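Residue numbers (the working numbering), protein chains in the order written: chain D, 1 to 354; chain L, 1 to 509; chain X, 1 to 372; chain E, 1 to 321.
Keep in mind the hints are simulated off the structure, nothing from the lab. Wrong hints could be hidden among the right ones.
What follows is a list of derived Cβ distance ranges for each label pair [as the list claims (entries may be wrong)]:
| # | chain 1 | residue 1 | chain 2 | residue 2 | range |
| --- | --- | --- | --- | --- | --- |
| 1 | L | Gly323 | E | Leu142 | 41 to 51 Å |
| 2 | E | Met59 | L | Glu60 | 51 to 61 Å |
| 3 | D | Ile45 | E | Phe122 | 24 to 34 Å |
| 4 | D | Ile45 | X | Gly129 | 53 to 63 Å |
| 5 | E | Pro146 | X | Glu190 | 46 to 56 Å |
| 6 | D | Ile201 | L | Glu349 | 45 to 55 Å |
| 7 | E | Arg202 | L | Leu204 | 37 to 47 Å |
| 8 | X | Thr278 | D | Leu24 | 36 to 46 Å |
| 9 | X | Asn311 | E | Met86 | 57 to 67 Å |
| 10 | X | Asn179 | E | Pro283 | 41 to 51 Å |
Predicted model only: the values in this text are computed from it and were never measured. Don't be surprised by glycine CBs; every beta carbon is placed ideally from N, CA and C.
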Amino acid sequence: MKRLLTGKLFGILIPLIAIFFGFLAGAIVMLFSGNNPIDAYVALISGIFGDIYYFGETLQRMTPLIFSGLAVAFAFRAGLLNIGVEGQLMVGWFAAVVVGFAIELPMIIHLPLAILAGALAGALWGTVPGYLKATLEVHEVIVTIMMNYIAMHVVNHFIRNNFLESGQRTEFVSPSASLASDFLSGLTDFSRLHWGFFIAIAACFLMWFILWKTKRGFEYRSVGYNKNASLYAGMNVKANIVSSMAISGAFAGVGGAMVGLGTYRYVEIFSSFTNLGFDGIAVALLGNSNALGIFFSAFLFGGLKEGAGNMQAQAGIAPEVVEIIIAMIIFFVASSYLIRWIYSKVQPNKKEGK
Amino acid sequence: MEYVIEMNGIRKEFPGIVANDNITLQVKQGEIHALLGENGAGKSTLMNVLFGLYQPEKGEIKVRGEKVNVTDPNVANRLGIGMVHQHFMLVQKFTVTENIILGSEPKKGMSIDIRKAAQDVAEISDRYGLRVDPNSKIEDISVGMQQRAEILKTLYRGANILIFDEPTAALTPQEIKELIQIMRNLINEGKSIILITHKLKEILEVADRCTVIRRGKGIGTVDVSESDQTSLAEMMVGREISFEVEKGPPKPGEAILSVKGLTVEDVRGIDMVDQLDLEVRSGEILGIAGVDGNGQTELVEALTGLREAKSGTVTLSGEDISGKKPRKVTEAGVSHIPSDRHKHGLVLEFTIGENMMLQTYYQKPYTRNGILDYGKMYKKAEELMEEYDVRTPSSMTLARSLSGGNQQKAIIAREVDRSPKLIIAAQPTRGLDVGAIEFIHKKLVEERDKGRGVLLVSLEMDEVLNVSDRIAVIYEGKIVDIVDAKETNENELGLLMAGGKREAGETST
Amino acid sequence: ACGNDNNDNATPVNEGNNNEGNNNVENNVDNADNNNDNNEGNEATGDGEGFSSKMVTDVGGVDDRSFNESAWAGLTMFGEDYPGAEVDYLQSSDSSDYAPNLNRLARDGTDITFGIGFLMEDEIRDVAGQNPDQNFAIVDTVVTDEDGNMIDNVANITFAEHEGSFLVGVIAAMHTETNEVGFIGGVESELIKKFESGFKAGVHSVDPDIEIATQYAQDFNDASLGQQIADGMYAGGADIIYHAAGGTGNGLFTEAIDRRESGEEVWAIGVDQDQALTEGEWSEGNVILTSMVKRVDQSVYQVSEDTMNGNFPGGEVLEFALEDEGVGFAETRDNVSDEAIEAANDYRDQIINGDIEVPQTDDEYDEWYDSL
Amino acid sequence: MELFLAVLYLIVPAAMIAATPLLLTAMGGLFSERAGIVNIGLEGLMVMGAFAGIVGTLMFEGMGMGAWSPWLGILFAALLGGIFSMFHAVASISLKADQIVSGVALNFLATGLTVFLVREIFERGQTDTISSRLFRTNVPLLSDIPIIGQMFFTRVYLTTWVAFLLVLVVWYVVFKTPFGLRLRSVGEHPMAADTMGINVNRMKYIGVGLSGVFGGMGGAVFAITAAGNFAGGTITGQGFMALAVLIFGKWHPFGAFGAAIFFGFAQALSVTAQQIPGLQDVPQVFMLILPYVLTILALAGLVGKATPPAALNTNYDKGSR
Ligand SMILES: Nc1ncnc2c1ncn2[C@@H]1O[C@H](COP(=O)(O)OP(=O)(O)OP(=O)(O)O)[C@@H](O)[C@H]1O
Ligand SMILES: Nc1ncnc2c1ncn2[C@@H]1O[C@H](COP(=O)(O)OP(=O)(O)OP(=O)(O)O)[C@@H](O)[C@H]1O
Ligand SMILES: [Mg+2]
Ligand SMILES: [Mg+2]
């Protein structure tokens, strides 16, 4: 059964079918609550594609999701479950913004430096669980969960005591460290689309490249699948665990930097988690932990969340319905076995022919 | 007819393959019936059908003449069929008793009556001479004892038809002897046994009749008393097989590996290798013989840099490699064929091509400036697969879906191709059929003849005797003696392995 | 709950350009011009026909039993009084929804769009900049452009929470038996500091020796944390605790009810709305002594109405204070003694005529306390 | 000394109360993970439990059950949690879904569905507040023991002691009964269990179902004792903490008990310390991160490696090996 239907085509078909089922489930929920699903979905679609502004916002929204998805997926490929993307993203956001306003430099240095600061902060936050896992075999899931809370409180502490500007936030990053783009914004009718979107695309490429084209990536995947055999093959398993968590954290940190330098251009006291990191788990898994898949699943996530606003405005559908749809899509993607099974029942001659 | 088991015209398909094609197997009451076939011939599948784990597409099963429908292992249990699986079905963290009673636990109120259970187990193990400690955890006991626990599981359920799927693959010679005795006891108690093994000698020793299958098809059933090794092997493979390892005399050169005063602890801090000295010369195969658990694993791990030695030195052609990391040891010229190919030898989710490059991926020309060249990697892997006869649909096939023999060939190709100075081969033929074994032994001898040193660690007495030039016997972490392979025999080795001493004057280094 | 007889209650003050609020003549002149521009073409009829007033909620949603709900109540009331006017809201699931939601309303040509909550400050600034022909209003903060100037198409609605908190502080001080009271804050910020400072000043106005325990949960949503903090404060001797901590405050009520049931005489003070209407019940009454109420409903109603009538207070800071009845203590007064009410009313008058200036920050409070 | 005791009298019950929902939920996680199914969906189960606990209490109040309502509400939450967990069970057992993915989906579904239902039922984003509550009580007799009594048996919720008793029950069931042996065997070596005639999938369904029952109770206890009502933010992260407690406790009921108490203690300390003279001047951030840092330190220092059930996070497929 296992390798029965693993054609390329099926790889694409399954998510599409899952998305269809997800929407079907959402429609049932809406019917149950006395709403018209067709109106709702028309509103949803036009809330993504109906106006260039919404489309721009969708792309803006998916930017950090791509990063958090990449972060989760990268660790996953190396055999680690990184639930700490949330915290890594927060510290990255914070560090990038602080570098963004605290120093004066020409843009060509300042912007990369601020992004780098985000990457380093995220990497640092990822290294702690990586190191504990590698040296003391402490389960990374616990440490990353704890590190999320620590990140939130520590960042808030520094904002509150060192960088508070107005109300809840720091000052704005200087233009030389800003990713915001009048051009992109103008192109999309004032959406907050910024250059970070293209950096995110580059990051997808980078993740694919690291994992599949470099020596290190080969080792990460090898360690992820089988630590023992990797050790026997002479790989430094501990170093690989630590550095894969660092890279994962760096992806998350840069994701935070994108939000900090592009969307908001400041960082404010976090009164709760951003959820960007937790959503990353779903984005990564929905995207099957591969770069292209993550890009599309981030688009789906970003689009659904953006379109939810229009569904609410035009069709009066509570935004929670979108969450239900997302959940059902994830279920159906995860249960692709079901889809394969149905498929094999529907087309029995195909099976015989093999 | 007094058949206890009749399987007629069994057909079992897996996607893309017919594992059993119209196979017939008839087992008489009170006999040991051997089932023989190459790796992947369909033996385990047939037995799993009998035991109710798989449902056949065609065919009928009769137990004691009655047609039955074995839908799941519970049905098999009720019919008195028990199975000792090829890969042990034991829960590592449970005790022997817990494993045995699992699924039919004696109860006292709502709890398990663990006392009664232990008593029952002790009673059965006494009756059949199956020595076990009912209260130890599986993960703490030897493979032999684990197997006895497996057998007890079936007996506890009152099985009188027992299936043994490759029971001897992982046992020491001593344990094999005990097992054979146990099987005889069982027959005397009126049970019937189906025995799967690749070791023809064992079949000849204990079995009454033997059914041979090849690529899913039944070839026939013979009386063992009218057969010999050659005829059985031919039936199974369809060609002639040589059992003697063909090799010329060794031309030993200077020492390649020399180990001095090596002491290695295991995780518990016990010295498993204790002040050990050893030398392997170029152009010779040095076999390490010993009962499992006498420090072989720790020795190999220390030599290959996987485990840190407490003291002592290891030199390779004069270069001190003690305390070096695995990669450095490899680069110094040591190759390692690990004993557990799934756990240590392969990344099963990688393609077979990637697996073949697991030791060299980082070197030029496969990696330049940290960037992999997959084209070159696969080209190389395909060359190797060609040369070492690794049979798979393509180099992109996942390692998991290769048969054991082909997996092992891939590892050998990978390790040997690097032109190492020293090859450490740990149990290189475990679980393989005679064809594959022949191939691997031939390769090791070839490498010897190219002037390499080969350190062969094996629990298989035949293998050590046939392949090695010299044999070092390890006992409690020390080399107790080194003998010339041509001048020793099974009995002498067995004695040494048990810690005995050779009579003086027979030395030949 | 919202009368429409208080159209001119709010006092426009100018807080821009660092000159502490009072005189605003110049700005008003500018704004007047602007307002006319803005309202050209959508002059509403008497019943509000053709006028639309909508809001974007904070993550709490329009039924958060707090300021979002209050704001929506004001809009609903406005819609009832002017049936021709269109009122609506958009709910934000998280902070990333603010900008798109505000934009969505602006794009629909909404005449006035309210951003509820100071968290929307920057989004309002951007969206207002991008839609200069639309009117916006923000609740709980003041939005300025990058140079610190007021923005012509944004009205700023603030409340004198410190003044309201002062009064409940007075009531607490009048009621405490143990001479110790407490304050639980949510996530520490400038806004919540106003509650704290005002409350402490109110307590100490009555009796400077009363001890005040304060603690920030640094979370607006963790009831169990709120309960633990309250437990500690009550155990430490406080018998009345005031909260400005949203959902965390539920834990305070839980703890107060619990202690009540076991015979302890403790009280809690609610915030934003008359919380005794929905919370605090125990078997023999209600543990909520009083609540500091903040009339967001009234402010939203009023700004909508003004805008409809062509008087959009763009570029202004409207501070709804005690004297406008924009803040105060709750209508439910069953548990409050007459003396306390009297004292509170007395202080209220003093604050209104300027005899008392209530501190809003830690520094102002320290200064104020030293001057006692 | 007196102060020290006074602090302990405050912290210990607080720790026990804080530990209760985590502990209950971790017991749920234990059943599912011992059966080999990773349960990252504990968060969602707690959300569902909190929702059902409050809605159930309100419902039973309406039916005139009075003081029994919260208890019935907790049972209702257990039931609903069990039903809700079947999503995870069907996906990860029958449909062979990746267990982590399915758990993540469960979390999404729980938040979406509960808030949606709250809107449908109450026409607002949060439920009404329950009026019949659970109160802290002194455990009769035991609370009279000097020092110990005041520390452990005074002003605690009955739910806490019920939860502690349930830990004992869980231990007994998992380690002393045939059911427990079978459950564990399925999580360690499903094929072995299968050959012994154990219905592997049924055991897994039961394991996941019990995780729903206990996770539901955990969420309900939290909502009923602390919050008093339910909204989208009532449960934020407690389920993940419970997962951490389970792993910290090495998948053992007593271990999880220790871990939950440890965490509750650290949290109570962090809250209370801010009201203790001397500690008041320590910057608050140190107190806020204390529970998390202590947990990491404890793991790194004392507990170290935890070995999960051997077959955790693998799908059992008869046909494969
Ligand atoms: N679970 C399975 N899924 C798919 N194919 C299988 C499965 N199990 C067995 N097969 C197929 O059935 C054939 C027979 O396998 P089986 O395990 O019965 O061989 P065997 O004779 O026991 O080999 P060995 O001597 O190595 O144990 C294999 O070649 C394989 O192709
Ligand atoms: N799950 C599977 N799906 C498809 N084919 C399989 C599967 N498992 C095994 N095979 C096929 O079965 C054949 C033999 O497998 P099998 O595991 O019996 O070999 P083996 O020599 O017994 O290995 P081992 O020594 O590990 O027991 C191979 O050709 C392999 O392609
Ligand atoms: Mg095999
Ligand atoms: Mg087999």
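Tested hints:
One distance hint, 41 to 51 Å for the beta-carbon pair L/Gly323 and E/Leu142, is violated here, with the actual separation near 59 Å. A hinted range of 51 to 61 Å for the beta carbons of E/Met59 and L/Glu60 is consistent with their spacing of about 58 Å. Distance hint for D/Ile45 and E/Phe122: a CB-CB separation of about 30 Å, consistent with the stated range 24 to 34 Å. In this structure the hint that D/Ile45 and X/Gly129 lie 53 to 63 Å apart at CB is violated, the actual value being about 29 Å.
Remark: the range hint 46 to 56 Å for E/Pro146 to X/Glu190 is upheld by a beta-carbon distance near 49 Å. A beta carbon spacing of about 28 Å between D/Ile201 and L/Glu349 contradicts the range 45 to 55 Å that was offered as a hint. Taking the beta carbon of each, E/Arg202 and L/Leu204 are about 45 Å apart, inside 37 to 47 Å as hinted. Under the hint 36 to 46 Å, the C-beta atoms of X/Thr278 and D/Leu24, about 38 Å apart, fit the expected range.
A C-beta distance of roughly 59 Å is found between X/Asn311 and E/Met86, which places it inside the suggested range of 57 to 67 Å. The hint said 41 to 51 Å for the Cβ distance between X/Asn179 and E/Pro283, and at roughly 29 Å that hint is violated.
Of the numbered hints stated above, those contradicted by the structure are hints 1, 4, 6 and 10, listed in ascending order.
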